[in-house]
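Q: So the chains spell out like this:
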Amino acid sequence: MKGFVLKDLFLLGSIWRNYLPMILIYAVISAFSSSASILTTLLCLLIILIPTTTFTYDEAAKWDMLALTMPVRRSQIVGAKYAVSLLIALVGTVITALVMFAVSFFPTVKWDIMEQLPALPAGLAVALVVISIMLPLLFKFGIAKARITLLLVMAAMGAAILLFSVGPAAASLGHILTLLSTHISAVIALSFVFVCLVMLLSYRISCRIYQKKEF
Amino acid sequence: MSEYGIEVRHLNKQFEAFQLSDVSFVVPSGSIMGFIGENGAGKSTTIRLILGLLRPDAGEIRLFGEDAATLPARTREEIGVALDESFFHDSLRPKDLDLILKNVYRNWDSGAFYGYLDRFDLPAGQRVKKFSRGMKMKLSLSAALSHHARLLILDEATSGLDPVVRNEILDVFLSFVQDEGHSILVSSHITSDLERVCDYITFIHRGKIVVSESKDALLERYGLIGCTKADFGRIDRADIVGYRESHFGCEVLVQDRAAAAKKYPDFQLERVSLEDIMLFYVRGEKR
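First to last, the protein sequences are chains A and B. Taking the working numbering, the leading residue of the first sequence gets 834, the next gets one more, and so forth. Taking the working numbering, the leading residue of the second sequence gets 103, the next gets one more, and so forth.
Result set (DSS-like, lysine-lysine): computed pairs, CA atoms no more than 30 Å apart in a straight line:
| # | chain 1 | residue 1 | chain 2 | residue 2 |
| --- | --- | --- | --- | --- |
| 1 | A | K895 | B | K232 |
| 2 | A | K1045 | B | K204 |
| 3 | B | K232 | B | K197 |
| 4 | A | K973 | B | K238 |
| 5 | A | K1045 | B | K310 |
| 6 | B | K197 | A | K835 |
| 7 | B | K238 | A | K978 |
| 8 | B | K231 | A | K978 |
| 9 | B | K204 | A | K835 |
| 10 | A | K895 | A | K1045 |
| 11 | A | K835 | B | K232 |
| 12 | A | K1046 | B | K238 |
Hint data in this document are derived by calculation from the structure and do not stem from the laboratory. Small disclaimer: the values here were computed from a predicted structure and weren't measured.
Bound-form chain B, shown alone:
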């Protein structure tokens, strides 16, 4: 068994107005990888490439160690997918979906599916067109979780859901990866959700991977310096990832908090959140 659920190496895809450049990251088995980035950064494109909906210009994608381009049906059976843009047909009911998917997945588990419908308060006999966006996403997740998949690939799976349901879904994710052979790739722009459950974070910005590493190491490594505008000049430009100026002074994201603590002992130095890292890369002014 491969030690990785997903391996993406040197992936390139060119569009008219956008380019995915040299995207590489791995999702180790037994872990949750959070895929973050602003809208249009390349998250969904990368996920579509992994799922074979788009073909890469260059690079390699492996799922459970097998080449994704020639993935046999029995391996696809082990991948559960919920996509942000694609839901089940409006005129279908969850109980119709049970019948349909029973004839698509060999490992389809009707008991598990109805269990999730119950858990997420989804009426089995109601047509999808009467479902809210959140309910549709819960239905997609119920289906993704009901064929004993080993890998979940979820695009913006928690967006559009209220905090209570989001919390519940995050708990489902955590129990899913209790099995060491299971892994999840989940993209989201709600970084607080990912911060709670993810083991690893991959941050993509303008089609390029900025960072892909353990969440704890990432949050441990980056730091936020608060200083006056006058003091800002004392910070070595090479240490700065991005900065923001306000009436009260400057906030500066630095890549190495420990080193910065030694180099600038009189500055206020704080830990960062994933949101800070993303915001400073995307919206902060550059060094």
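Same shape as in the complex, but just chain A:
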């Protein structure tokens, strides 16, 4: 599996330079904003892009055909995709935290670093859940069809958020959030367990899909 993780890291390594200017621009914008949420959003986006990017490269090279002739189990090929996503997500979170910390020294900054930092693990959790939805779709349908399916999933999630942000639903959501904020450590622990379970379930589904696939 290590070889496959390395392969994905090499593939991502060739494009990381493209992300640098984007991170710099977002850092400057956040220095003039009322919060650093733009950096958390960027982190989420970059994490979500990881599997899409490596799947695109793999499909272009028809890599799976060659990979499956190697001394690895199909579950290890699937596992490598999850490992790479998780690894980059964690490293990305640390880098974003460092960028946030550096930006907080700018004289124009109006936000407090200690108030902004907790948003990062929340962003990470959301991104990992989205990835957990994406990966089985990518294994099942390939990159072109999975993109469309993912857009539909995102649209559904957007609609749900919109639904909960207006009318009586918004009021009850507000109550729930206030209640949750009084038990913040329990919420963090539960979120952690939830994300782990979602990723594990997603991995099992991906394995089952990939096991049946023909090339």
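Take the given structure of chain A and dock chain B to it, following the hints.
A: Leaving out everything else, chain B in the frame of chain A:
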């Protein structure tokens, strides 16, 4: 140790517009098996089935005597593969591949890999996207040969290469099978290449095996009769595999040259090439 690198028995696979029917052949250890047939005949499908990329509807595949469907990783370690359609990623460099494959194959031999890169004039630091098709195939072969495999499975490995490189690769194949425990299955539509190096030939046509036997026996057995159109009628239909008519007369492929020489002593009878056999089966008119 099994006496066969590959055993394929009664293999069947049904697709919407194509069917592989009752495909059987064996690749003895210490030999090179050439797998020939026209485009779409079923060569790549058979190879994908052997490699476990497709699942058979029926039939059995054994590699080194072990069931291919449940082949353990340590046995896969001993199979080197180069596929016509699947190459390494454009953004990778051969030296990246060395690092990657070192962590995939326990028997990976970096020295051997860099040796092949040198031999095939492949720059270790250049990205694959700058490689020509021939260079990509040479890179695939370098990787396939660098983990001490006992069996090479190569799909159209010599196509897209210039004659000099093709010759060089054929020499590599010949030295590979010097070890009696090694064997190669190589598909190609360049039959002259296979005629040079192969010990056995399997010919597949429209998803069915036409013939699978020793190359020498095959070339010895078939014959080509040249005759006038008037004389063509004298040839027993049962002796004819296929024929071609031209302004000058007829060319007729017969399955038993020795028998034909006795039966038709006044006809001109020639030896055949693999290409003749394939062309007459595929494009020649039938008896």
